[in-house]
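Got two chains here, each in a separate frame; can you build the complex from them with the hints?
Same order as they appear, the protein sequences are chains A and B. Going by my numbering, the first sequence opens with residue 1, and the numbers climb by one from there. Going by my numbering, the second sequence opens with residue 1001, and the numbers climb by one from there.
Honestly, the hints are just simulated from the structure, not real lab data. Glycine is no exception: its CB is placed at the ideal position from the N, C-alpha and C atoms. Among the hints, a few may not be true.
Far from chain B by the CB rule (all over 10 Å, computed), these chain A residues [said to hold, decoys possible]:
no. : residue
1   : T15
2   : D21
3   : G27
4   : A67
5   : V99
6   : R107
7   : R108
8   : K112
9   : A183
10  : Q216
11  : D234
12  : P258
13  : E276
14  : R303
15  : D343
Derived coverage of chain A by chain B (criterion: at least 3 residues anywhere in the stretch with Cβ under 8 Å from a Cβ of chain B; other residues may be distant) [said to hold, decoys possible]:
no. : segment
16  : 77 to 83
17  : 122 to 134
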Amino acid sequence: MIRLEHVTKIFAGITAVDAVDLEVGAGEVCVLLGPSGCGKTTTMKMINRLIEPTSGKIFVDGRDTAAVDEVTLRRSIGYVIQQIGLFPNKTVEDNICVVPDLLGHDRRQSRKRAAELLDMVNLDPGIFLKRYPKELSGGQQQRVGVVRALAADPPVLLMDEPFGAIDPINREVIQDEFMKLQAALKKTVVFVSHDIDEAVKMASRVAIFRAGRLIQYDTPDNILAHPIDSFVADFVGSDRTLKRLRLLRVADAMVGDPPMVRAEDALDTAARLMAERGHVSIVMVGPRGRARGFVRLDAAQGRPGMVGENHEKLPCIINIRDDLRTAVSQMFMHDLTWLACVDDDGFYRGYVTQRGITHLLGATYRDR
Amino acid sequence: METLRFAIDNWSVIAVRTGEHLSLVSVAVVLAIITGVPIGILITQNRAWADRVLYAAAIVMTIPSVALFGMLIPLFSPIGYGIGYLPAVIALILYSQLPIIRNTYTAIMNIDPSLREAARGMGMTPLQRLREVELPIALPVIVNGVRNAVVLNIAIATIATYIGAGGLGTFISRGISQTDFRQLVTGAVAVSVLAIVADLSLVYLQRRLTSPGLR
Chain A
1 MIRLEHVTKI FAGITAVDAV DLEVGAGEVC VLLGPSGCGK TTTMKMINRL
51 IEPTSGKIFV DGRDTAAVDE VTLRRSIGYV IQQIGLFPNK TVEDNICVVP
101 DLLGHDRRQS RKRAAELLDM VNLDPGIFLK RYPKELSGGQ QQRVGVVRAL
151 AADPPVLLMD EPFGAIDPIN REVIQDEFMK LQAALKKTVV FVSHDIDEAV
201 KMASRVAIFR AGRLIQYDTP DNILAHPIDS FVADFVGSDR TLKRLRLLRV
251 ADAMVGDPPM VRAEDALDTA ARLMAERGHV SIVMVGPRGR ARGFVRLDAA
301 QGRPGMVGEN HEKLPCIINI RDDLRTAVSQ MFMHDLTWLA CVDDDGFYRG
351 YVTQRGITHL LGATYRDR
Chain B
1001 METLRFAIDN WSVIAVRTGE HLSLVSVAVV LAIITGVPIG ILITQNRAWA
1051 DRVLYAAAIV MTIPSVALFG MLIPLFSPIG YGIGYLPAVI ALILYSQLPI
1101 IRNTYTAIMN IDPSLREAAR GMGMTPLQRL REVELPIALP VIVNGVRNAV
1151 VLNIAIATIA TYIGAGGLGT FISRGISQTD FRQLVTGAVA VSVLAIVADL
1201 SLVYLQRRLT SPGLR
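So that you can see chain B by itself, here it is in the shape it has in the complex (with noise of 0.2 Å):
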């Protein structure tokens, strides 16, 4: 019940806590998409690359959080950068990675290769495969990737308050050093919302994008 009149009164300050969120984790995963999609097209044509850059993604998946945030730290104080808002979108980028990366490369591997023959039977160009049949046909698994790398910065976002850029994560940080249960309390239910919301408008729109013939 307090925790309830807690957040009543303090709706205004949960919703620019979850604009900073928001915002942190949308940056990230577009510019992830923007370079996680095209690194998992390039290695489908080589297979040692492959195997090296998913691995490399891999070991990003296993450094702590609050530990990467930390290591980011004297890596952009030289340009004035070591806390807040830019060091935070770099680590949710590297990771998001692993996720979008590997999901576009499985999903382009999947490919029945009797489609390819076929395409480049027909006298499609290597790029026109890509955009007619490949990426298509890959883009439900895609966005599973971005749903996973979404879900996962949405929780890793929290610890970012710790580096100065905000977002729901301040409420759960000050509910520990206060001990303030209703703090912490509507945090973390915060985050939980918006997981879920995301990944649900995420799944709506990785229905809108994939063709029926695919479903």
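Just chain A, same shape as in the assembly (with noise of 0.2 Å):
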């Protein structure tokens, strides 16, 4: 757990950080969110005193930061920087190891630690223990910087910009390695950066700054649904509603418990079941539950037959596990106003329609 308590830098009479206070909870990603110059990365550097504050306290897991000897409080906090910064002279291996070694760690069981931790970001230890950093990609590299952060598995994780160098496809996927890795080690992590998508993304709770004040401290959903300010709100975005739909799952937009039909039911029965709902097309489920596709009301309704013989291909289902915005995404693809949700399995769970996306956004702004 991290606090800091009404932290305040000046630099040669400027004030770059301004009475912060700050409690970020152990196991919490909070990211400090803000244009260039807002102080944020001043107040993330203070932490681990590479910049001593110039007033105000900070308590790392309880104990005042001023009272550790900087070096000894450093090494039991991780560190990761957006240049990486691995040295060129030393393996992966001993790079990941520099923290360890540093505290006398045995050699063997950090070197051991070394590649499992290189498993978990996807890189074969086998290939990379070995290897110089010039040998690795841009991608590579930062999943080592990380991984090196993480090697003598400090509590804490101070994060500059990590991601901000990597080109923008390798960027997704090496931060949902991170997230991944941080599910599994839940460390408390305080990660600079100034990109909202990147903070909606990775944040239990953003922090945003402006001329080295906090201006706004909530969640992600809170500071895209309700900024505190133009200024917060500029920032964000004018499409920061839509950028809400990251944050939200399909199943939590969906109507559960549908009405269905199976191929050997009679086209009136289906033609039922829509009238009953006032829906005008029905999703065909197999043998087992899984959705075959659909029935439009106008080719169900007063004729004979069978489900089966009448049915069209679904143009599109959608996970319950993804996001909001995949699914919105996939609507207008295909010109659909509702879409069939299923699970891992392919069983149909239930429906999102556009209208109810609409509805769960605008939840939070009629509540006030």
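Quick look at the structure:
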């Protein structure tokens, strides 16, 4: 856990960080967000005392950092920077083990741990441990950079725009890998970023800075839904509500326990079920409940025959664990107002509609 | 042909002179490394001092070697070493300072600042940073400075014969005074060969000492 109490930094008469109070709970990812020069990096660097605060106190796991020797403090806090900073004269293995070696940990054990961690970011230890940084791509280097920060198993991790220099495609992948790693290791993370999308994706809480002041500190959804002032609103963007789609799962907006028909049902039955609910189409499932197709109301109403002979293919189905951004994107792509939702095994679980999504996003505004 | 015969007839003298020459140069360069590298590291901490030290070392380089040897005579006479081995080594140390200090300073200043930040952020002390990161990365450039110093000293040490410090310069000075072409060429060739061999050995050493990650 990290706590900043009234922390201020003044550089040569200029206030870079102004009386910031901030608390990051254990296992949370706190993203410090803001334009350049807003004090977010300075705030982060005061936590491991690369920059000494002018006034105020900083506690890490209950300890006042000013009372701890700075070298000891830094060895207990993982540190990742945008420029990666792998030592070119050392192999990947020795780079990862820098802090364990400084701490005098057992060499064999720390090297074993290095291999495990490398494996967790999808780099084959057999191939990469003995390589030198220059033999790695930028994305691979930053994976090693992250692993290096975790090698001595510090409870706290500081990350200074760690994925900022990586190309957009690789950035997504490495962000996902980091989230997986974080879910397993549950570190307390302070993460500096200037990218709202990254913040929304990674953060448990977002701290928005402007001119050295902490303007708003809240969950990503609240920041997007209720920006505290016009600065935050502008910073998170006029499409902020669309960004919230990323934070919500299909399951959140899905209508469960849906009506469904089978191939051997009569079209009459299908028409009656649709009429009961006021629907214009109904999903047809296979014998075990997998979504197989759908029937339109106008194709069923008043016609003889079976569902199996009159159904159409579903243009698209969506997994209940996908985010709503994917769902909406699929709706727009296929010109649909609703989507059938399935679980990992393909069983039909419910449907989402454009109205349902709009309603869900609007809920937070109606409550206030 | 005559020169070759002279060289063959006098091979033992040549060997002795080469030994003297090497001794002057190697003792001077080792002492120059011991002084120059720490100075080069220290001045990375202060820009103003770096300028002064590098300027002073550059001025030493502009002093003609014959004059420097001559200037050392009155300086060391009071302690009985006005001529011979000691002033010769001192002169060579002075000449070695610029390439060694300058290369050490430049190499360390050119290290990517993000490496320094990463090292600090991970909890390395300044000395650990120097030992684990800065020196290994600076090493190839420092060795280049040493190579410069060695080749330079092998050439300059030929003058040391004028203050009685021996070395291969003896052949050259006698060759001139006795208008003996054989001695002159023998001395000149021996100096060149020595310089080339020394430089190649240092290139080999440089490769061995440099981390494969930096090649």
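Query raised in the report: Hint by hint, which ones does this structure get wrong, listed from lowest number up?
Result: 5
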